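Please model the complete structure; the sequences and the hints are all you need to start from.
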Amino acid sequence: MGVEPKRWRDAQGEHIDVRGLPPPQPLVAILRLVHEVQDDDGVVIVHHDRDPLLLYPQLAEIGWRAERLEADADTVLLRLERDP
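For the sequence shown, my numbering gives the first residue as 1, with consecutive numbering after it.
One or more of the hints may lead you astray.
[To be verified] Once the Cα atoms are required to be at most 25 Å apart in a straight line, the calculated SDA-like pairs of lysine to any residue come out as:
no.: 1; residue 1: Lys6; residue 2: Gly20
no.: 2; residue 1: Lys6; residue 2: Pro52
no.: 3; residue 1: Lys6; residue 2: Gln58
no.: 4; residue 1: Lys6; residue 2: Arg65
no.: 5; residue 1: Lys6; residue 2: Asp41
no.: 6; residue 1: Lys6; residue 2: Gln38
no.: 7; residue 1: Lys6; residue 2: Ala71
Since the hints were made in silico from the structure, they are not lab data.
Since this is a predicted model, take the numbers as computed values, not measurements.
Next up, the structure:
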């Protein structure tokens, strides 16, 4: 069995840490979480170890967008939210 992404919630929104997961697990886990929170007008904070280029067009298709946040050099931190 593979490693599962870490998830938690705080004042910023739903967090998912997919660092260290092999492709396509991060993409699948992130999209699953986005679909779970989309009815709540939620925000998803993604902790990734690389820029998930394949994620951006899939988010656009479902009306979401990504904003890159400041993070450590070895982490890509994204804020995902519904595109207004």
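Hint check:
1. Proposed proximity of Lys6 and Gly20 is supported: the alpha carbons are some 11 Å apart, at most 25 Å.
2. Proximity of Lys6 to Pro52 is assessed by CA-CA distance (about 17 Å); at most 25 Å being required, the pair is judged to hold.
3. Distance restraint check for Lys6 and Gln58: the Cα-Cα separation of roughly 22 Å lies within the 25 Å cut-off, and the hinted pair is therefore satisfied.
4. About 22 Å separates the Cα atoms of Lys6 and Arg65, which keeps this hinted pair within 25 Å; it holds.
5. Of the supplied pair hints, the one linking Lys6 and Asp41 holds, its CA atoms being roughly 21 Å apart against a limit of 25 Å.
6. Simply put, Lys6 and Gln38 have alpha-carbon atoms about 19 Å apart, close enough for the 25 Å limit, and the pair holds.
7. A hinted pair counts as satisfied when its Cα atoms are at most 25 Å apart, and Lys6 with Ala71 qualifies at roughly 18 Å.
The structure is consistent with each of the numbered hints, conforming to all of them.
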